[in-house]
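**Q** Protein chains in written order, with numbering that gives the first Met the number 0: chain A, 0 to 285; chain B, 0 to 288.
Just to be clear, a hint being listed does not mean it is correct.
With beta-carbon atoms standing in for the labels, derived distance ranges [stated by the list, open to error]:
{"#": "1", "chain 1": "B", "residue 1": "L65", "chain 2": "A", "residue 2": "F110", "range": "37 to 45 Å"}
{"#": "2", "chain 1": "B", "residue 1": "N94", "chain 2": "A", "residue 2": "L262", "range": "31 to 39 Å"}
{"#": "3", "chain 1": "B", "residue 1": "P13", "chain 2": "A", "residue 2": "K111", "range": "17 to 25 Å"}
{"#": "4", "chain 1": "B", "residue 1": "Q198", "chain 2": "A", "residue 2": "F110", "range": "40 to 48 Å"}
{"#": "5", "chain 1": "A", "residue 1": "M43", "chain 2": "B", "residue 2": "I102", "range": "16 to 24 Å"}
{"#": "6", "chain 1": "B", "residue 1": "G51", "chain 2": "A", "residue 2": "P49", "range": "51 to 59 Å"}
{"#": "7", "chain 1": "A", "residue 1": "L32", "chain 2": "B", "residue 2": "F55", "range": "48 to 56 Å"}
{"#": "8", "chain 1": "B", "residue 1": "L65", "chain 2": "A", "residue 2": "P49", "range": "38 to 46 Å"}
Calculated lysine-lysine pairs in the DSS-like style (CA-CA distance at most 30 Å, straight line) [claimed, not checked]:
{"#": "9", "chain 1": "A", "residue 1": "K111", "chain 2": "B", "residue 2": "K283"}
{"#": "10", "chain 1": "B", "residue 1": "K251", "chain 2": "A", "residue 2": "K142"}
{"#": "11", "chain 1": "B", "residue 1": "K47", "chain 2": "A", "residue 2": "K142"}
{"#": "12", "chain 1": "A", "residue 1": "K231", "chain 2": "A", "residue 2": "K142"}
{"#": "13", "chain 1": "B", "residue 1": "K73", "chain 2": "B", "residue 2": "K251"}
If you are wondering where the hints come from, they were derived from the structure by calculation, not from laboratory data. Since this is a predicted model, take the numbers as computed values, not measurements. Backbone N, C-alpha and C define an ideal beta-carbon position, used for all residues, glycine too.
Each chain, letter by letter, is given below.
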Amino acid sequence: MVQNGGNSVSKSHKRVSKFLNWMRPLVAVIVTLIWIFPILWVVMSAFKAPQDIFVKETKWVFEPTLQNFRVVLQESNFLDHLMNSLTIALLSVAVSLTVGIFAAYSIARFFKQNGEPLLLGMLSLRIIPAIVFALPFYLLFQKYDITDSIVSVVLTHLTFNVPFAIWMLSGFIGEVPVELEEAAMVDGCSFARALYRVTLPLAMPGVMVTTFFLFVFSWNDLLYPLVLTLNKAVPLTVYVTTFVQQRAILWGPMCAAATVIVLPPAIFALTMHRHIIRGLTAGALK
Amino acid sequence: MNNKAAIKYGFLAPSVLLLLAVIAYPIGHAVYLALHDITFFNINAANKPFVGLANFKEIFQNEMFLNALFNTLKLVGIALAAELILGLALALLFNYRFRGRGILVTLMLVSTILSPIVIALMWRYMLNFETGIINHVLSGIGLQRVAWLADPTLAFISAVISEVWWTTPFVFVVVLAGLQSIPVEVNEAALVDGCTTWQTFIHVTLPLLRPIIRVVILIRGADLIKTFDVIYGLTNGGPGNATEVLPVWLFKRGFTDFDLSTTATGSLVLLGITLLLAIGFLRKTREQE
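Same shape as in the complex, but just chain A:
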């Protein structure tokens, strides 16, 4: 492909290329290790006794202990908070998916020309800062005395999960060829049946990715439960802030709590990481 006239340029360029190609994976590994070091460090610290944490020089060699996990799991209502986080996230996902799949189907199939602005509208709802909603929600729920409840938090989460679900799902549903649904409908299915029997199974990877994101958004949310809950519906995100009070900063238990909090999303992610990357990039490339 390279002609004779450009020979000298191509040779030195090839040499640089070869060198780069050898260096790149190495540098990439180093960069990745440095980047994820904080996470590894926190997990490691979770297994350190207080005397190994409150030191002036880092102790790399230490005797691992489970006492931090014991503090976290036994001495407080950790399991209650875990259940709260889980319930809130699952409910939020369930409602958003149900409502979102239908809306996404409608937009993908019936709003061919006007689809874009609608989806852009969904996306732009993300721009609204949560603090705008937080105060009105608080006042409203306080009036009916339901502030400290799972339901109130789930309702607030719908502000960001429903638009996101609609936006993401309409893309994935759009990728399923209409012909397949039409074929099913020729055979006598209604729209809803075709959606259930044909479209959804084919769009399932996309639905799983969306579910993952919806779950993580709810699981990680802090502001709404911070504002609304007191002691009954407190999820893990609010709970973990209690480890860093004014006077006593309990790093060990905090690291243990953090390690446990990270587990559900991490496990969820590991089981579908290829789909997630595809979902991330597909959304942005549009």
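Based on these hints, arrange chain B on the given structure of chain A.
**A** Below, chain B without anything else, positioned relative to chain A:
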């Protein structure tokens, strides 16, 4: 029931109704709060005094509000620039197929699924003056320990570092996807024509990446303006008001002071600024086409 129109709107209706309830209603209420003079004391009164835009005028004379606004814009500007540069650099580094690349990218993405409050506490632990590992490493190589969270400027930088560490992988993955959609022949053609690698990058690759970068700026910019969790967990606005961004300031005004009107007014100002910046950015980039 196969009536197309019924399905078309029927499927859409539940979402629209739900969104009207959970989005339109609170915003409406916020507008109401901003246009009236409401404090904790007269909250249950029947007729609250209507003050028009007085709250908006007042808030722009509030020093703490202006400080928070300035901090927010500072954070957005610096963090966004850092994320773009870092993300681009990472994407260029990884833009070469080698074995294990997928695993590395997945590992990089782990930080994006963590809860921001966990990330804030994590960095708070690492940046601790006495026991944090960052200072341990610094003193280990002979440098002085740094008061990361006690010094106003450094605290701001720490906040930027925490935020950037958390979200750059997202930028990185998106830009990488963009790079991979550029056919190899384009780069090779430029090189054959005599361009150096650097010239190829500036004049060929970057322009082709512009649409993607635009999307990233929009999404990340909007997210950064809203930043609350990371700051709340890392410094809670401190030391003093050095890292107090608008959402944090508003949170304190609304839920510690119960100054409802100010909070609502400030929130709407925040929303307004976000919209202005977004629309301004979209307009500017559309002109460039």
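**Q** Now, for every hint given, state plainly whether the structure supports it.
**A** Structure-based check of all given hints:
1. At about 43 Å, the beta-carbon gap between L65 of chain B and F110 of chain A stays in the expected band of 37 to 45 Å.
2. Hint check: N94 of chain B to L262 of chain A, Cβ distance near 32 Å, so the stated range 31 to 39 Å holds.
3. At roughly 22 Å, the beta-carbon separation of P13 of chain B and K111 of chain A lies within the given 17 to 25 Å, and the hint holds.
4. Range check, Q198 of chain B to F110 of chain A: Cβ separation about 44 Å, and the 40 to 48 Å hint holds.
5. For the pair M43 of chain A and I102 of chain B, the beta carbons lie near 21 Å from each other, so the given range of 16 to 24 Å is met.
6. Distance hint for G51 of chain B and P49 of chain A: a CB-CB separation of about 57 Å, consistent with the stated range 51 to 59 Å.
7. The hinted window of 48 to 56 Å between L32 of chain A and F55 of chain B holds, with their beta carbons roughly 50 Å apart.
8. Between L65 of chain B and P49 of chain A the beta carbon distance is about 43 Å. The supplied range of 38 to 46 Å therefore holds.
9. Taken as a hint, the K111 of chain A and K283 of chain B pair is honoured in the structure, with Cα atoms around 27 Å apart against an allowance of 30 Å.
10. Only pairs whose Cα atoms come within 30 Å are accepted, and K251 of chain B paired with K142 of chain A is accepted, the gap being roughly 21 Å.
11. Distance hint between K47 of chain B and K142 of chain A is fulfilled; the C-alpha atoms sit about 17 Å from each other, no more than 30 Å.
12. Taken as a hint, the K231 of chain A and K142 of chain A pair is honoured in the structure, with Cα atoms around 18 Å apart against an allowance of 30 Å.
13. Our distance criterion of 30 Å between C-alpha atoms is met by K73 of chain B and K251 of chain B, whose separation comes to about 20 Å.
In terms of the numbered hints stated before, the structure departs from none.
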